[in-house]
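K.L.:
Okay, here's what each chain looks like letter by letter:
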Amino acid sequence: MNGLAAFLGRSLRGFRLIEAGALVVLLVMVLGVYLAKAAAGRERGDITTIQSQIDDENKRLRLLQAEVAHLEEPARLERLSAQIGLGPTDVKHQGSPEALAEIARNALNEKTVKKGEAVPPAAVAGAPQ
Amino acid sequence: MSDLAWRREPFGWLTQAVWALERAFKKARAADQAEGDTRLRIFFLLALFATGFLFLAIGATRCALFSHREANDYAPPLGAARADLVDRNGQLLAVDLTHYGVYVDPREIWDTAETVRVLGQALPGLQSQRLDKALKSDRREYLMGGLTPDEKAKLQDLGLPGVSFEEEERRVYPLGSTAAHLVGFSDSSGVGLAGAERALDSDIRNAAGREPVALAMDLRVQAALDDELSKAVAKYRALGGIGIVVNVKTGEILGFSSQPDFDLNAPGKAPPDHMFNRGAASVYELGSVFKAFTLAAGLDSGVVTMNSSFDVSHPLELGGRLVHDFDKGDTTLQLWQVFTHSSNIGAAKMALMAGPQRMQDYFRRFGLFAAAPSELAESARPILPRQFSDQTLAQIAFGQGIAVSPLALATGYRSLLDGGIYSPLTIKKVQPGAQPQGRRVISEDTSAKILQLMRLNVTDPKGSGHKAEVPGLLVGGKTGSAQKPEHGRYGKNNVSSFVAVFPAEGPLSTDRYIVQITLDSPQKTPDSMGFITGGWNAAPTAGKVIARIAPFLGVKPQPGGANAPNPIAETSTDLGGDTQ
Chain D
16 MNGLAAFLGR
26 SLRGFRLIEA
36 GALVVLLVMV
46 LGVYLAKAAA
56 GRERGDITTI
66 QSQIDDENKR
76 LRLLQAEVAH
86 LEEPARLERL
96 SAQIGLGPTD
106 VKHQGSPEAL
116 AEIARNALNE
126 KTVKKGEAVP
136 PAAVAGAPQ
Chain G
-8 MSDLAWRREP
2 FGWLTQAVWA
12 LERAFKKARA
22 ADQAEGDTRL
32 RIFFLLALFA
42 TGFLFLAIGA
52 TRCALFSHRE
62 ANDYAPPLGA
72 ARADLVDRNG
82 QLLAVDLTHY
92 GVYVDPREIW
102 DTAETVRVLG
112 QALPGLQSQR
122 LDKALKSDRR
132 EYLMGGLTPD
142 EKAKLQDLGL
152 PGVSFEEEER
162 RVYPLGSTAA
172 HLVGFSDSSG
182 VGLAGAERAL
192 DSDIRNAAGR
202 EPVALAMDLR
212 VQAALDDELS
222 KAVAKYRALG
232 GIGIVVNVKT
242 GEILGFSSQP
252 DFDLNAPGKA
262 PPDHMFNRGA
272 ASVYELGSVF
282 KAFTLAAGLD
292 SGVVTMNSSF
302 DVSHPLELGG
312 RLVHDFDKGD
322 TTLQLWQVFT
332 HSSNIGAAKM
342 ALMAGPQRMQ
352 DYFRRFGLFA
362 AAPSELAESA
372 RPILPRQFSD
382 QTLAQIAFGQ
392 GIAVSPLALA
402 TGYRSLLDGG
412 IYSPLTIKKV
422 QPGAQPQGRR
432 VISEDTSAKI
442 LQLMRLNVTD
452 PKGSGHKAEV
462 PGLLVGGKTG
472 SAQKPEHGRY
482 GKNNVSSFVA
492 VFPAEGPLST
502 DRYIVQITLD
512 SPQKTPDSMG
522 FITGGWNAAP
532 TAGKVIARIA
542 PFLGVKPQPG
552 GANAPNPIAE
562 TSTDLGGDTQ
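Chains D and G, in that order, give the protein sequences. At position 106 of the first sequence the residue is numbered 121 (our numbering), and the sequence of numbers has no breaks. At position 541 of the second sequence the residue is numbered 532 (our numbering), and the sequence of numbers has no breaks.
If you're looking for bench data, these hints aren't it; they were derived computationally from the structure. All residues carry an ideal CB built from backbone N, CA and C; glycine is no exception. Treat each hint with caution, since some may be false.
[To be verified] Going by beta-carbon spacing under 8 Å, a handful of chain G positions derived as facing chain D:
1) Leu37
2) Gln82
3) Leu88
[As the list claims (entries may be wrong)] Each pair of labels, with its calculated beta carbon distance range:
4) G:Lys483 to D:Glu125: 42 to 50 Å
5) G:Leu499 to D:Ser111: 19 to 27 Å
6) D:Ala90 to G:Glu159: 36 to 44 Å
7) G:Pro347 to D:Glu125: 55 to 63 Å
8) D:Ser111 to G:Gly116: 46 to 54 Å
9) D:Lys52 to G:Ala22: 42 to 50 Å
10) G:Lys453 to D:Leu86: 30 to 38 Å
11) D:Leu41 to G:Arg201: 35 to 43 Å
12) D:Asn121 to G:Lys453: 27 to 35 Å
13) D:Ala90 to G:Arg480: 18 to 26 Å
14) D:Pro112 to G:His478: 55 to 63 Å
15) G:Leu499 to D:Ala122: 34 to 42 Å
16) G:Lys547 to D:Gln66: 26 to 34 Å
Make the full structure from the sequences, and use the hints.
P.N.:
Laid out in structure tokens, this is it:
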């Protein structure tokens, strides 16, 4: 108890050390809170501004997406295609890259049959056997 | 006892601490150290306040630094009240967009005449009565909504005093009338009223601001279906048309078209007839497409076999009425020919052999006696005969005397072609690997036979569906043409249908698709040779749709598929069978 009383009793130029220390701690805390609050306020302002910009951008993005979808409306594309003579590909004109060699061979055969001579499959360059 | 009593009290430790302190004060006083006693009390109070302030400071710092993060946790989702609606590939179908409502406050207006003039020019859609009423009011009034950001900016640039704006969400359908009856629409308060907007209303609301809701529909398939169906309706001068494309394995509706359609952005301006969903909300007597169910019932129950044959040389008399065949030159038809020649007499005889109870049971299990089980609220109940006599049974066998929705027909056909399992079709995208649950109606063997018959009906030169053939895509199908009841009796117009499946060859586990076309009251055209039956209008339309959508569905043309031999015809022509 005496040690504690001695500690509390210590003073410097008439001011008790414990009181001076407490005052300093208090001032540091007040200043810290003020600075933190001020910094947070600035950050919050920045965040609000950026959030607002993001919201606006999102709205514009959605609007643009809707406009793109509208421009790609199938019926509209059909009309535009028809104007320049485009249309769906006939199923006879569809094929896979793997079938190209066979298509070429058949076409060549048809030609040569007309001329009266048969062409072996190997005559088609690159044709898988 | 008293020493232990404080331990049981809630704040016993605090009481004990205060008493200990008090005892220290008393001891200090007893030792004649009054100054020490006072200082101790002051120190104690100081420590107490310092601790309190410390807690407050920590709390304030925490609030200052981290409060915005916590606030964001509670922020409502930004943007839409309804989630975006997209097709299975993410193509936008419906979206909530920010629009602006215009408000006017007469108390802030300096020059009323000028305001009326400028607003009239800037807002052509504004009703003058509404503006007059708002200007005579003594408070801020709503003028009109739905202004786009550009329109709002132009009006705002005019700098009219007393005119202000507020944001409002509006449902926009960027594809206009595409898939109008499938997508549906919602009202201005964000409540789904029709189509998927109504069917999936709670899903769409719950997903708002998070993720889009995906339909099973494939926009590419839908576009081809819409295009070919509208061309067919125009060509055959039909009152309307219905097209449905279904993935047989998953039950997903990949395309759903009802013509005429309407612009989803202005449903109020569309004629009521255009807004009517003919595919789900309307019921038709669909004719011979029902024969597939009749034959499936006969085969599955063992009443007939693929070798059975039927005498169709004379009309069948039932209840004083005669059942005729469209092709009147036939005498004896084998089972597959009953299907490909679409013989009413053969189908009716088969149904009579099976009996009313068995046929009713099968038709019920095919879902034809109830509304199609669908998310679409428009799904209509069928019109059934009051009683099942021999006459009504014979009629139902070839698709008359019973009216069902095209959606119910597609659901039934899917069970015919999916190994005999009946389960609902869905407008929602099914996740890969998900297996729809259903009930068995017919055996896998019967399902395979129906698939063969449908293929034969297209490949056989005398098959009613041969005009649906697309080289290499192995199309199968069944035609249907039924007279329309008009003024209490069957009239001249008919409802023509074709239910196609492709590819119709290969094992049951093959990915295959149903394309169902129905035309309401088609008329004769030069290339239909004066006919208005399904084989001349609905079948070629289905063929055109299939040719266009096959690449999108990954179905590649098979070389020589069109000329494949007919296994049924080759084996059964030599087999006599019993003539019915």
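K.L.:
Identify every previously stated hint that the structure contradicts and give their numbers, smallest first.
P.N.:
6, 10, 11, 13, 16
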